[in-house]
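Take a look at the letters that make up each chain.
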Amino acid sequence: MSQSIKLTINNQAIGPIDVGDGTMMIEFLHEYLNLTGTKFGCGAGVCHACTVIVDDEQGMSEVVRTCINGVERFNGKRIRTVEGHAKQNAQGEITALSPVQQTFLEHFSFQCGWCTSGFVNESTALIERLERKPIAKDNVEQVIEDALGEHVCRCTGYVKYYAAMKDLILKTEGLTLS
Amino acid sequence: MDVSNASRRTFIKQCVIGGVAVYSAPLLWEMSRANASIISPELAAQWQTQVSGQSKPKFRNDGIAKVTGQKVYGRDYRAMDMAGWPKQQGYAFILRAVDASHVYQGFSLDHLPASAKPYKVITAADLARDKVKLPEFYGDNMLLPEGQTADYLGHAVAILLFDSFPAFKQTKSLLQFDNTLLRFGEKTAFVSDTKDPYASWRLIRVEGENGAREDTYSPLHDGLFFPSVKHHKPVWSGDANAQGSVSERGLYYAGEIEKQIASAKADQQWQVLEREYRTQIIDPMMMEPEAFNGWFDASSQTFHTVITSQSPQDFQEMAVHMLSSGPLADKVKNLVVHSPYIGGGFGAKDHSIFPYYGVLATIYANGPVRLANDRFEQFQSGLKRHPFIMKSRLAVDKATLKIQALTSQMTVDGGGRVNFSPSVTSVGATAMQSIYYTPRNDIIATSYASRNPDAGSMRGYGTLQSMTAMEGMIHEMAAELNVDPFKLRAANVMESGQRNTQGAIPNGTLRYREMLDMAELDPVWQNRADNKARYEAKNPGMRYGVGFGIATKDYGTGAAAPSAAVRLSKDGKIILEIGFIEMGTGTQTSQAVVVSESLGSFAHEVKLAEIDIWDAMQLVQTDNPYIISQQRQDEMTANPRWTPVKAMASSASMSAYYQSHVTRIAADIIYRHGLWPAAVSIWNELYFNTPMGKTNLNHSRDGRWTDGKLTAMGFPPLSIDILAKRAHDLGLVVGVMGHAFNRWAWAEADFEIFGTKERIALDALALQYGEGDKYHGSADRKARMNSNGYHLIDRQAMSYPKAELNNAMVTYYAPCATLVEVAVNEGNGEVSLLSSHTWLEAGKVIVNELVEGQIQGGLAMGIGHALHEELPPFEAGAGNGTWNINRYKVPLARHVGVWSQRHTILPQLSETDPSRGIAEVVMIPVVSALVEAVYQATAVRFYELPMTAKKIKEAMA
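First to last, the sequence lines map onto chains D and Y.
Residue numbers for the first sequence follow the working numbering, so the first one is 229 and each next one is one higher.
Residue numbers for the second sequence follow the working numbering, so the first one is 87 and each next one is one higher.
FYI, nobody ran anything at the bench for these hints, they're computed from the structure.
Quantities reported herein were computed from a predicted structural model and do not represent experimental measurements.
Check before you lean on any hint, since a few could be wrong.
Using C-beta positions, here's what the derived DEER-type ranges look like [to be verified]:
| hint | chain 1 | residue 1 | chain 2 | residue 2 | range |
| --- | --- | --- | --- | --- | --- |
| 1 | Y | E232 | D | D374 | 36 to 46 Å |
| 2 | Y | K656 | D | Q319 | 22 to 32 Å |
| 3 | Y | D616 | D | N239 | 30 to 40 Å |
| 4 | D | E300 | Y | E232 | 53 to 63 Å |
| 5 | Y | D616 | D | A364 | 31 to 41 Å |
| 6 | Y | E997 | D | L261 | 33 to 43 Å |
Straight-line alpha carbon distances no greater than 25 Å define the calculated BS3-like cross-link-like pairs of lysine-lysine that follow [said to hold, decoys possible]:
| hint | chain 1 | residue 1 | chain 2 | residue 2 |
| --- | --- | --- | --- | --- |
| 7 | Y | K142 | D | K399 |
| 8 | Y | K173 | D | K315 |
| 9 | D | K234 | Y | K144 |
| 10 | D | K394 | Y | K144 |
| 11 | D | K394 | Y | K142 |
| 12 | Y | K144 | Y | K618 |
Heads up, the beta-carbon is just placed ideally off N, CA and C, and yes, glycines get one too.
Can you make the complete structure from the sequences, with help from the hints?
Here you go:
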């Protein structure tokens, strides 16, 4: 048994590809597309390392864990993974990072980096939500906790991820209410 | 792929072992075809910035690759990424026994649908027929033979090979949790019950009378002795004789300690506290589960591997030995080991057995094969932290508050295979005293086999367990004596020059008292009574408590052997090559920074996990460094190419001290014999009235780097590219390779450089010179660059640390203290960490942000150990294959007080302080601090970890 999958990942049309039944999205990314930036941590939807962004037609988005969701859930959807955030030049070289990637980098937020793809995607989605609906400055810490609170990091103890996001939100115009 | 034609950049020939040439490619991702996108040079260069004239790292130099999702980890790679491999990726799945009390009788796969059948099933019968053996370090029974009982839960039974992902996926889905698949017969004893202890250690020490410098008895003073074994238990029997052998004297003094404790307790002179502490099995839960990819290319007789290991050097050697017998014996001429970054390790990937199952799968595979644990499999088969049971006694003089004696009997569960249990057990024993001076001690520690998964060198290495128990006794002793715990600590804190429980003097300044003084003044401690009253009044149902803990973590193995090479290109690029790998702690970044102390700029390129290049030093290793006799060492030292140890495994606590030692020396020699004379020559030539006068630039120590340029005594600053060109033109030193050995002291020797003899803390040194010949007849020197492009300098007056220093067991320590305030929910027992303050003495800090990350990460891991992470032993535990982090609770941000953490890194005594290994120590004191804080909040004292909410709630009921 197999299913035909067609979707868009990082603005690239993918498929149709025949995929075996029961294939999880992360397995599709890794074993069928060789896109390994999305990380496998627990396979049980707990650590959130495998989080990607799914965009809809209305310009809204949601974050989804790819280790517990079958590839069929993403059929026909637009997906963003960690490989899709930075800017590249014509030669394919990365020339500039996204604001979230840059703030994590400059705050030394990660060490081994295995959890980073999940944090990048969850945080990117959060920034985009705040662009649409800014929050009071007093709520910044709580909003970060709510967004990132289930992500597991084993090396750096979360502090530098959270500090990086707080710094980015407070210094980016339009994310907080003046 | 034709290995013989591979470029040096692609594969690096490491060495030849048993006729097999070993190659490595540590930075695999750079050459990966999958990396269509690479990082622009302009972006990559931004990691170095200038602050107040000094170079500072703006971010980790591996950071861009990680934050953009590049393929940088071993688990990322598939066959299609590997140059020269067939594109079709195969997959392997291991069947494991979850019964260790019945005879295993085989299995059938007949029920699998045709589309899901493996193309090959590897069993113990294949191994026996083909004479395939595990590397000796891991023991035997790589796969469980039919007719035997599993050595431990999770014992591998068979490897199933598939040529496509859908087939692999389908079968794994059907079989992974099918406990009826394997057939079992009659009930038997546990195999572990038939094994002798893995190791048993005993540390007996009695200080010299009246404070004499020399011990009356101690391991360093008298030597170690070991027990006989009866009925699989250690027996410390024999005559007790003060004038007898080392064991007889030891037993005599152990008896004396017993008598003194009994007598002083009876006389009411000493307060004696006797307690039992228990710690749990911990899974390292590094984020990247172990993975392996392999392919044997019969046409080129090359065995290719991609591993996720903290110890790739050892893997290379052991893999060759494994391949030397079996179906591929004499068929493998080359072994290629790709060792990219690892996604966390914490010791779980240090000498793990996992990659050898990958090797086994590859031996029998018909093409590239990938073996990758999912998290259930990782829990089931991965290395664990040893659980300890510690029956300990602490005796304190009631009048002076001085500790008089410490005794402990530690029982350590080593799991199914021995792995590093012996050394973890010994280190746990040596750590028992923590920061406290004990004039008498008798500490026995024994590790046993069990049917739990293997335990190994996980973070803490036994010290977390024993120091937490010691700190618990200090807390309780202070309560029993009705004294402030800081007062009790102050009476017993170990001072510089005092001896540890092995009779050795720890290196350097012990700054425990300074740390205690700082902590005692913290407002959270000072105001704890008022805060408790206020908090509990304001938060009904919550109980407030403050706890403090302190620890000092050893680092080092007693046989450390780092190597480094620093080379300077003619255009001023600094290339650093080291043996260590990057585990996430920032070794690649910090080592790049270390060279800037001498060279003014960060290394432009850092090559990790190098081994072959060290062949230039032509070193030979002949003996086990831990048991070598002094006579043998003296004999071997006469050979200028001999070293006790050629190479060392990487671990997080080792790079800062050990690797930095050699990196610093290599960079310093380039500065003093390359850049400095180059600068002087330019200043003399262009900026002074030479030869009518002298510049007086006679001392390289007068040079200063500012904004990446070298200046001295007001002479114009010169950039490194100008200096490098001049150094090359003059034939000065432009490349330095060094090897060092440390057995709780660095080996040192005389080396002659440009006609001047220098005493340097290395046991091998090799140099490269620029192509010019204007400096001291360098043409002749260049002719000597005949050892892989280096001039190997013959060492003189070689001095190695004495062999008896092995009995010191540990003398390098890094201390840390943590103060926590918690609130305990009366309703559900949950502990909220309100705030924490950590004090750390890290010596010379190389990259502050990396040290902070270690502090914050260590704290989180300690919180997990104290409050959350729980694995039951045996049949209900990890070996049954059903554990994952849905049940094994690791700390989340909300558990660590993410907005309320404070830390103080003690300022260095001087810029000459060494950088200390600190990766592990921070997780230790927070554990005892939390135990005490929960006690202060609830009046319930825990002796067994973790203190889960459920346990706390039950205890409060």
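To see whether the hints hold, each was checked on the structure:
Separation of E232(Y) from D374(D) is about 54 Å and departs from the stated range, judged on CB atoms against 36 to 46 Å. Checked against the hint of 22 to 32 Å, the C-beta distance between K656(Y) and Q319(D) comes to roughly 27 Å, which is consistent with it. The hinted window of 30 to 40 Å between D616(Y) and N239(D) is violated, with their beta carbons roughly 59 Å apart. Between E300(D) and E232(Y) the beta carbon distance is about 41 Å. The supplied range of 53 to 63 Å is therefore violated.
Our hint of 31 to 41 Å for D616(Y) and A364(D) holds, since their Cβ atoms are close to 32 Å apart. In this structure the hint that E997(Y) and L261(D) lie 33 to 43 Å apart at CB is violated, the actual value being about 51 Å. The hinted pair formed by K142(Y) and K399(D) meets the criterion: a straight-line CA distance of about 23 Å does not exceed 25 Å. With a C-alpha separation of about 29 Å, the suggested pair K173(Y) and K315(D) falls outside the 25 Å cut-off, and the hint is violated.
The hinted pair formed by K234(D) and K144(Y) fails the criterion: a straight-line CA distance of about 41 Å is larger than 25 Å. With a CA separation close to 19 Å, the supplied pair K394(D) and K144(Y) stays within the 25 Å bound. This hinted pair checks out: K394(D) and K142(Y) have alpha carbons roughly 23 Å apart, not beyond 25 Å. With a CA separation close to 42 Å, the supplied pair K144(Y) and K618(Y) exceeds the 25 Å bound.
Going through the hint list in order, the structure does not satisfy hints 1, 3, 4, 6, 8, 9 and 12.
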